[in-house]
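Place chain X on chain V using the hints.
Residue strings, one per chain:
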Amino acid sequence: MSIEPQLLELLELIKAQNKLARPGGLALELGCSLDDLGKLLEKASKEGLVERMADTWRLTDKGRIEVQRHRERYIHEKYGHKPGFLGQITRFVEGSIQDWRGHWRRRHGLDENSLRGFYKNIQDLEGRVEETSSLADLHPGERGIVAFALGGYGLIRRLADMGLTPGTEVTVIRNAPFRGPIEVAVRGVSLALGYGVASKVFVKRPKGTD
Amino acid sequence: METKRRITIALAGNANVGKSVIFNQLTGLDQVIGNWPGKTVERAEGTLHYHGYSIRILDLPGTYSLSAFSIEEIVARDYIAIERPDVIVNVVDASALERNLYFTIQLLELEAPVVMALNQVDFAAKKGIRVDNEKLSKALGIPVAPTVAITGIGIDELLSTIVKILEGKTELTPLKIRYGKEIEDRLEKLELKIREKLPELSAKYPARWIAVKLLDKDEDITAKVEGYQNGAEISALANAIAKEIERIHGEPSPIVIASERYSIASGMAEDVARIEAPPRLHLEERLDSITAHKILGYPILALVMTAMFATIFIVGDILVRTLENLFKNILIPATLYLLSTVLPSALVDLISKGFLSGIAAGVTIALPYIVPFYVILSILEDSGYLPRVAFLLDNPMHKIGLHGKASICLLLGYGCNVPACTGCRIMETQRERLLAGFVTVLIPCAARTVVILGLVGRYIGIPAALGLYAFDLLLVFTLGRVGFKALPGEPVGLIMEMPPYKMPSMKTVARKTWARTKDFVYIAFPLIIAGSVVLEALAVTGLIWSIADLMNPLIVGWLGLPSIAGIPIIFGILRKELTLILLADLAGTLNFSQVLTPVQMIVFSLVTMIYVPCIATIAALIREFKWKKALAISIIDILLALVIGGVAFRLLTYILG
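Respectively, the protein sequence lines represent chains V and X.
According to numbering that gives the first Met the number 0, the first sequence is numbered sequentially starting from 0.
According to numbering that gives the first Met the number 0, the second sequence is numbered sequentially starting from 0.
These aren't lab readings, by the way, just hints derived from the structure by calculation.
Accuracy of the hints is not assured; some may be wrong.
Residues of chain V clear of chain X, computed beta-carbon distances all greater than 12 Å [claimed, not checked]: (1) Glu-8; (2) Cys-31; (3) Glu-46; (4) Asp-60; (5) Gln-67; (6) Phe-91; (7) Arg-115; (8) Asn-120; (9) Glu-141; (10) Pro-176; (11) Arg-178.
Each pair of labels, with its calculated beta carbon distance range [said to hold, decoys possible]: (12) Gly-153/V - Ser-262/X: 39 to 49 Å; (13) Gly-23/V - Ser-262/X: 36 to 46 Å; (14) Phe-476/X - Lys-45/V: 56 to 66 Å; (15) Tyr-458/X - Ile-88/V: 34 to 44 Å; (16) His-107/V - Thr-428/X: 19 to 29 Å; (17) Arg-105/V - Thr-596/X: 51 to 61 Å; (18) Glu-269/X - His-102/V: 35 to 45 Å; (19) Thr-59/V - Leu-280/X: 53 to 63 Å; (20) Ser-262/X - Val-92/V: 51 to 61 Å; (21) Tyr-297/X - Glu-129/V: 32 to 42 Å; (22) Ser-44/V - Glu-269/X: 44 to 54 Å; (23) Asp-219/X - Arg-115/V: 32 to 42 Å; (24) Thr-596/X - His-102/V: 33 to 43 Å.
A virtual CB, placed ideally from N, CA and C, is assigned to each residue, including glycine.
Chain V with its partners taken away, still in its complex shape (with noise of 0.2 Å):
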């Protein structure tokens, strides 16, 4: 079963904004009327995804689970697939993915225990997923800041000792050319991570800036 979008954005938005969710605010930040919100929200919860405590919207299990595997299905978007005509066949040859662990596991070689870190991430991810991208993505000048590289223990051990934790800002100074290298500046030095190490990395990108 698949959720539509506009459904999921919602879903998103009451989880980023924790437990504060104020139909005013969520209008404002779909660029929906209130109107429009209430048959929103109306299908949410009629679908269980979302309950009313007072004045606050907040997601039920069911809701918890369904943006979970939406961040999960986004970051193996951003992560698992090249762009473009290639990236289309690969998806098509994969068809759905209906086991996302054995698929995490089996495609991209993370171990139980990476698993579980990636898990625990991706619920812990403050504010909507979207606003999450992998640092590979970003531009020359753009600034993002980790929120977590997904790979096994040593490749994340590694970014660690050199300066790459969760938190730190990142500031993409080039990248090279057919998915070179990326250089970024982190922590008063520069970095120059391969287009595979970079594409692990993921980093929020600051607000007030695209």
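Chain X alone, transformed into the frame defined by chain V:
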């Protein structure tokens, strides 16, 4: 004279902070470069006499951390923890204080007596950063001596600081690294347990450090702990604690620990460093943006490489001629004359042709190209250009399962395969090193270039010679891919520091060249000389002709070369450019077009280019990868050369009619 006190100090710190420059400043030319016992990690050691002290100085490998990712890190920390040098000088780059303090924190955790050399304060000033060294010294509880290693500023003060500690005039009150409360409480518990259950291990390493390392999931320490009878219990406790920390923080415990170390480092750096002025690095920045540019970077790289090899060949050629004259006309005749007065003539022949011409070949042919190569290499290295090369070439290297740094090995290979093999140490894992070594020896070095240019380039044309180079690159990529698929293990991605551009110091370049040349002579010369003697003995006894006869089916039948080409190919194992000289000797002419057809020239060059890297390279391979792998690589290369040579002979004969 009073007896000298002997003490040992070790230099530790990140890569690219000027550690080896400080080492050179301290020791001068009095240094020994070798390997750490049983490990392919360079060990540089020197001695300094200062104020009645005989100070042994060790340059530990430059690392960013003291975990167990690389052999370098294990070597560095085991030396500090187990050998316990009297003082550790932590060389720190003042312009990148935060990242460097991360390492300092780990040194303090090892409970080592640390003195800080706050280096590159001049460069930091250029970046607009001023570090208050007294404040830093107070914060860390250790002496901090500001230095500018390249010009030698501050080295004396550093030494007197060290002596003050040795004489007990300065007390060290190193900062105790404290983590968050939820970690600290658990660490304490674990530390107590370690002291109680593992007294031997905690005599070797500080117990608290073992506790931290266990939470850091350090494989080396975990294995050491589990090697003891009570170890399993400790490691189970550590695992449980790590799980608790993971639950609290939502990150694996090693990441939590790294994060906390970094936040200590970052807080301290912010406290003691002031941004005083806007950076004045216009030239450096412009250079950086051009040389690492996504389009311009590549033609510049090609230009730099062309200039490098042109210089090597021009300078090398002049040196070769001068030295050859010296040997041929003065040194060899003089020695022979002296020898012939005491020894029988057959022995004199063996010595002159084998031993002396071996030395002569090494000195007159190898060194003239090697020395300029090392000079240019050191300049490129010290200026900071090589990481840009790795940056630009990372992508193609991934196709053969390596990353950008491997391109540096390949480039070195065009100069000489011997330093290129040693250079493979820059790769992180044993798998990457082997793969890089395997493809590097297929790169035509300067000596092979002499053959290709002298034969194919001169008699067929430069395009044909370039064609051979292109074919070689294709071969490197194909074989690299095969090796990449065949070797078990995951490829490692590129994570590399891009140090800012710097003006290389000629003094350092000279010292590096000297050390490397010495290293080359040590590896290569014994084998070149021994090989010359053996081959000369074969020639004197006439055995060489029987061997040539035995090889005839291969040389004539399969490769389609004239029978006399067999001997140069055997001798080529010594030094590849010898093949051309010998061919001229045996053919009795310098005009190769009289003895070889164009197809034969190409086949001869191909075989020379691919078959066993010369004996010095084999020695380097043995040193890096041990006997078995070196032998395997050599055999693969011989077979490859024969197959490709034979196929090329048939194909070219067919095409060219």
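Here is how each hint holds up against the structure:
Here Glu-8/V stays apart from chain X, with its beta-carbon at least about 25 Å from theirs, past the 12 Å limit. Against chain X, the non-interface label of Cys-31/V holds: every CB pair exceeds 12 Å, the least being about 33 Å. Every Cβ of chain X is farther than 12 Å from the Cβ of Glu-46/V; the closest lies at roughly 29 Å, confirming the non-interface assignment. With a closest Cβ-Cβ approach of about 20 Å to chain X, Asp-60/V is found to remain outside the 12 Å limit, as its non-interface label requires.
Against the 12 Å criterion, Gln-67/V stays outside the reach of chain X, whose nearest CB is about 14 Å from its own CB. Residue-level check passed: Phe-91/V sits 25 Å from the nearest beta carbon of chain X, beyond 12 Å. A beta-carbon of chain X is positioned within 12 Å of the beta-carbon of Arg-115/V; the least distance is around 8 Å. With a closest Cβ-Cβ approach of about 7 Å to chain X, Asn-120/V is found to fall inside the 12 Å limit, against its non-interface label.
No beta-carbon of chain X is positioned within 12 Å of the beta-carbon of Glu-141/V; the least distance is around 16 Å. Remark: the non-interface label on Pro-176/V conflicts with the geometry, its nearest Cβ contact in chain X lying 4 Å away (cut-off 12 Å). Not every CB of chain X lies more than 12 Å from the CB of Arg-178/V, the least distance being 6 Å, so the non-interface label is violated. A beta carbon spacing of about 23 Å between Gly-153/V and Ser-262/X contradicts the range 39 to 49 Å that was offered as a hint.
Here the CB-CB span from Gly-23/V to Ser-262/X is close to 37 Å, well matched to the stated 36 to 46 Å. Checking the proposed 56 to 66 Å range against Phe-476/X and Lys-45/V shows it holds: the Cβ atoms sit about 59 Å from each other. The hinted window of 34 to 44 Å between Tyr-458/X and Ile-88/V is violated, with their beta carbons roughly 50 Å apart. Hint check: His-107/V to Thr-428/X, Cβ distance near 20 Å, so the stated range 19 to 29 Å holds.
Look at Arg-105/V against Thr-596/X: about 56 Å separates their beta carbons, and that is inside 51 to 61 Å. In this structure, Glu-269/X and His-102/V meet the distance hint of 35 to 45 Å, their C-beta atoms being roughly 43 Å apart. Under the hint 53 to 63 Å, the C-beta atoms of Thr-59/V and Leu-280/X, about 55 Å apart, fit the expected range. Against the hinted window of 51 to 61 Å, the Cβ-Cβ separation of Ser-262/X and Val-92/V comes to about 44 Å, which falls outside the hint.
Against the hinted window of 32 to 42 Å, the Cβ-Cβ separation of Tyr-297/X and Glu-129/V comes to about 36 Å, which satisfies the hint. At roughly 48 Å, the beta-carbon separation of Ser-44/V and Glu-269/X lies within the given 44 to 54 Å, and the hint holds. In this structure the supplied range 32 to 42 Å is violated for Asp-219/X paired with Arg-115/V, their Cβ-Cβ distance being about 24 Å. For the hinted restraint 33 to 43 Å between Thr-596/X and His-102/V, the CB-CB distance of approximately 60 Å leaves it violated.
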